[in-house]
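One letter stands for each residue in the lines below.
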Amino acid sequence: MDRVVLTGQMRRSSILTQTRMGWDIPNTQSFDSGLTDQCQLEDQKLKYKKAEFRTGLIPIFNCHGLTFAARRTAISDTSAVRRILKEDCYTRISPDQVQPGDIILYTSSTDGDLEHSGVVIALPDERPLVPKILSKWGFGAEVLHWANDCPYDFSQAAYYRIRR
Amino acid sequence: MNISEQAIRDVCEILLVSNTPLYLYKHLRRLQTVQTMAKETPEHEIASEFARRVSLPKRRMGDVAVAYACLVALTYKPQSVALETLASLDLSRLDWASTIRNVFFARARSESLQDIHIKPPQIPLFQLRTEATTTSDRPSRERPQHD
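Heads up: the protein sequence lines correspond to chains P and L, in order. Just so you know, we're using our numbering here: the first sequence kicks off at 1 and counts up by one. Just so you know, we're using our numbering here: the second sequence kicks off at 165 and counts up by one.
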């Protein structure tokens, strides 16, 4: 199967990446040069002043690609993310059990859509225990941010850990 | 088609943080800029703007964002117009365009089905009451008479 599609200046491809149980995860690497307009990043930096933007804009992978595919590609199908959670033996944990290395999933409070994911990297010393997250914001940058300081709906956020 | 700098910044802001096509679709639909575009611009102009932006030889993020905004603005048009216009567009130059169109098609289909299934029967309440009180009293025409 041809895994690379060329359309004008946009180049797309997918790679073979699987769950533990051997299921092929649908994915797309985007090389759209129109999505690397770095000046857009400056607006984001002004809006989220406490966040630390650790890269420029990288359209090749998205948040789920960072969390579940080692930054190699973008996973845009949320049903695939739910299958990964199941087949890779993730289990939900309560916020007071969270440790660095766990993952966070942001779900929309209006329609239950899975909108974002990231990796917990630190916990604050004081309450409230809102962890610090490493995540990828869409086509944009990798960002270090407090879990409640990002463009995604934190009210329904849930934490997961590999069970075995 | 005139699109202000602020409008372009608004749609870029959403595009930049979108992790999935569904997120992009939902959040662009909520944007005032997109709703205004749908309200004030005829569908053929929106479609032309979409085609122009996606085929630019060296497009910028603003072009990509406006192209998505055009696509989503079309979903605010009357359903038959939206379905016809969206079906006529070449979506191959924009990563998530065909997924967004399919989301709209699926939602339009489910809304049509809901219209059929949830519509209550148009029987006046007094008629139902009358039938309930009289059917047990009168002999059924279908029931065989055993004298």
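Treat the hints as calculated values from the structure; they're not laboratory data. Being a predicted model, the structure only gives us computed values, none of them experimental. A hint or two may mislead.
[As the list claims (entries may be wrong)] Within a straight-line C-alpha distance of at most 27 Å, the following computed DSS-like cross-link-like pairs (lysine-lysine) qualify:
(1) P:K132 / P:K47
(2) P:K47 / L:K190
(3) P:K86 / P:K132
(4) P:K45 / L:K190
(5) P:K132 / P:K45
(6) L:K190 / L:K203
(7) P:K45 / L:K241
(8) L:K203 / L:K241
(9) L:K190 / P:K49
(10) P:K132 / P:K50
(11) P:K49 / P:K132
(12) L:K241 / L:K190
Hints broken by the structure, by number, lowest first?
Failing hint: just 7.
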